[in-house]
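Visitor: Chain by chain, the residues:
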Amino acid sequence: MALVTGIPAPLTPVGAARLLVLRNFIVYKSAWKLFLTGFLEPVLYLFSIGVGVGQLIDSFEFHGEQVPYAAFVAPAMLATSAFNGALLDSTFNVFFKLKYEKLYDQVLATPLSTGDIARGEITWGLLRGSVYSAAFLLVMLAMGLVDSWWAVLALPATVLIAFAFSAVCMALTTWMKSWQDFDKITLAQMPLFLFSATFFPVEAFGDGVLRWVVEASPLYRGVVLCRELTTGVVTWGSGVSVVYLVVMGVVGLLVVRRRLDALLLT
Amino acid sequence: MISARGLRKSFGDFEAVKGIDVEVLRGEAFGFLGPNGAGKSSTMRMIASVSPVTSGELRILGMDPATDGPAIRGRLGVCPQEDTLDNELNVFDNLYIYGRYFGIDRATCRERARELLEFAQITDKAKAKVEDLSGGMKRRLTIARSLINNPDVLLLDEPTTGLDPQARHVLWDQLFRLKQAGVTLVITTHYMDEAEQLCDRLVVMDKGLIAAEGSPRELIDAHSTREVAELRFGVGEHEALAAKVEDLGDRVEVLPDRLLVYSDRGEEVVTAVLERGLQPIATLVRRSTLEDVFLRLTGRSLAD
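First to last, the protein sequences are chains G and F.
As numbered in my numbering, residues 1 to 266 make up the first sequence, in order.
As numbered in my numbering, residues 267 to 570 make up the second sequence, in order.
For the record, the hints were derived by calculation from the structure and aren't laboratory data.
Honestly, I wouldn't trust all of these hints.
Said to hold, decoys possible - Partial list, computed: chain G residues near chain F (C-beta under 10 Å): (1) Val14; (2) Val27; (3) Lys33; (4) Thr37; (5) His63; (6) Gly64; (7) Pro68; (8) Lys99; (9) Lys102; (10) Val107; (11) Thr110; (12) Pro156; (13) Val159; (14) Leu264; (15) Leu265.
As the list claims (entries may be wrong) - Now the stretches of chain F that chain G is said to cover, found in silico as 3 or more residues with beta-carbon under 8 Å: (16) 316-326; (17) 345-356; (18) 365-377; (19) 385-397.
Quick caveat, the model's predicted, so the values are computed rather than measured.
Note that beta-carbon positions come from the ideal geometry of N, C-alpha and C, so glycine has one too.
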């Protein structure tokens, strides 16, 4: 056995979070096919609804601009791909690692802290969502569904969406007791996907409470932000969406950390 | 290396550790002995700096776990009771990434991982999945992993529970080597032979308190006689017969399956028992062990 090689320098918060990302990357290197499914879903929706159903629909107005239906649906699917990617890892996989793998117990025997775990896992969810979105953006570009140079900012926007959902979903997952509880995630995921002005404009909800609920819901903020960027009609509302998603992510991150403290450092 | 004063740990209303004083010295093998629920694992988790101290003082390598947790953990090796290996990674990557968690650079991690595979005698399994390893191999991998950072103190919680005798001996041999290399070992166990084999000094814990402290030899000298006569009678007869042999030794212990008569001259006890016309199914005279110390101190067998 080698002699003591000296004590390594303490890890920085970024360096520490990177290590969990590295761990997940090694796991997925041999399971890259699992990566594909989450990307394909929004693409299939884009072709079937956006392009297919879109042939039956005339273009309509979005923030005073005429937008073809496919170009209306595409940014919503862009936001959805970030949402899907973030959700996959921060729910099922985190639950598995927390309850069955006891991965975080292993990690906490090292100099890493619960804060490092929270940052690392959320960053991983964020990356997965962002990779899906980047690929989707290329599909949109290839299909001529991008109308403005503002679309360059759609990528950071999807990173933000992935961050917000990754953090909040991981936080919610810390309260899950069994696999049955994940029905609730599916129960929330479907309506969010269908009714966040993804396939029809928010005006369809009328002027009542329902519309307010939709406008205040997280995926709607993401969808409308992406749509404003890819169609090039940026408004004050875009700023509101950005702030909304940043706050959501930061709150989620803080909650995850506190929950991991309560669950693991007993 | 480790010092605790009036150390306590509560979970709600339940007090798992009720105020213990412990001093572990550099280079020694120190044991926590006790039945399940004695507070051993709670104490170990506090030492591992993952469980906040409820009250009392705890210093590990001169540092306070409440404020220097990461720095302490950086110099500890932890081998938990269950093998918490990363099942999604192969054997080599388990060691590699664990080393990276300590902030050790890539090249050193790779080199250390290769050395430790050899140490654990699983070099040929480097690319295998963790779940394909045998129980003994998993245990050795867990111990190997806990050594990746060249720890000053190695914490072993029930290191050989669930292993077959051969695997246990391999493991004991490896722990001896580590001790010789200067690593301080802190071991919890409920196996007597393990404690006698491995520990220079140990404490017997019971119901959250320390019942006795010393080297295995000292404890046996202080709390038991030189020899023990074991008498096995028919099922259910032991309780009733205890009174008839009580005066033959310093003390009699009634176990479900046998009587233990404590005396410095065991053979004479057996002869006297036979002279009284009692007919045990089997008799055995042996030297006192830590198990006897434990019976004396806690009134129960360690097996439960």
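Visitor: Now, for every hint given, state plainly whether the structure supports it.
Guide: Here is what the structure says about each hint:
Of the supplied interface hints, the one on valine 14/G is violated, with its beta-carbon coming no nearer than about 12 Å to a beta-carbon of chain F, more than 10 Å. Hint status for valine 27/G: holds, given a least beta-carbon distance of 5 Å to chain F, under 10 Å. Taken as an interface hint, lysine 33/G does not check out: its beta carbon lies about 15 Å from the nearest beta carbon of chain F, beyond 10 Å. Checking threonine 37/G against chain F: minimum C-beta separation of about 18 Å lies over 10 Å; hint violated.
A least Cβ separation of about 46 Å between histidine 63/G and chain F goes past the 10 Å threshold, and the interface hint is therefore violated. Of the supplied interface hints, the one on glycine 64/G is violated, with its beta-carbon coming no nearer than about 51 Å to a beta-carbon of chain F, more than 10 Å. Given hint, proline 68/G at the interface with chain F, is violated; its Cβ is 44 Å from that chain's nearest Cβ, farther than 10 Å. This hint is violated: lysine 99/G has a C-beta 12 Å from the nearest C-beta of chain F, more than the 10 Å allowed.
Taken as an interface hint, lysine 102/G checks out: its beta carbon lies about 4 Å from the nearest beta carbon of chain F, inside 10 Å. Given hint, valine 107/G at the interface with chain F, holds; its Cβ is 6 Å from that chain's nearest Cβ, closer than 10 Å. About 4 Å separates the beta-carbon of threonine 110/G from the nearest beta-carbon of chain F, less than 10 Å, and the hint is met. The beta carbon of proline 156/G is not positioned within 10 Å of any beta carbon in chain F (closest approach about 29 Å), and the interface hint is therefore violated.
Because the smallest distance between the Cβ of valine 159/G and any Cβ of chain F comes to about 25 Å, over 10 Å, the interface hint for this residue is violated. Given the 10 Å rule on beta carbons, the hint for leucine 264/G holds: about 7 Å separates it from the nearest Cβ of chain F. The restraint placing leucine 265/G at the interface with chain F holds, with a minimum CB-CB distance near 6 Å, inside the 10 Å limit. Only residues whose C-beta sits within less than 8 Å of a C-beta in chain G count toward coverage, and the stretch 316-326 of chain F has 3 of them, enough to reach three; the restraint holds.
Counting residues of the stretch 345-356 of chain F whose CB lies closer than 8 Å to any CB of chain G gives 8, which reaches the minimum of 3, so the coverage claim holds. Here's how the stretch 365-377 of chain F fares: 8 of its residues keep a CB closer than 8 Å to some CB of chain G, so the rule of at least three is met and the hint holds. Chain G is given as covering the stretch 385-397 of chain F, and this is violated because 1 residues of the stretch bring a CB closer than 8 Å to a CB of that chain, at least three being needed.
Hint violations for this structure: numbers 1, 3, 4, 5, 6, 7, 8, 12, 13, 19, all remaining hints satisfied.
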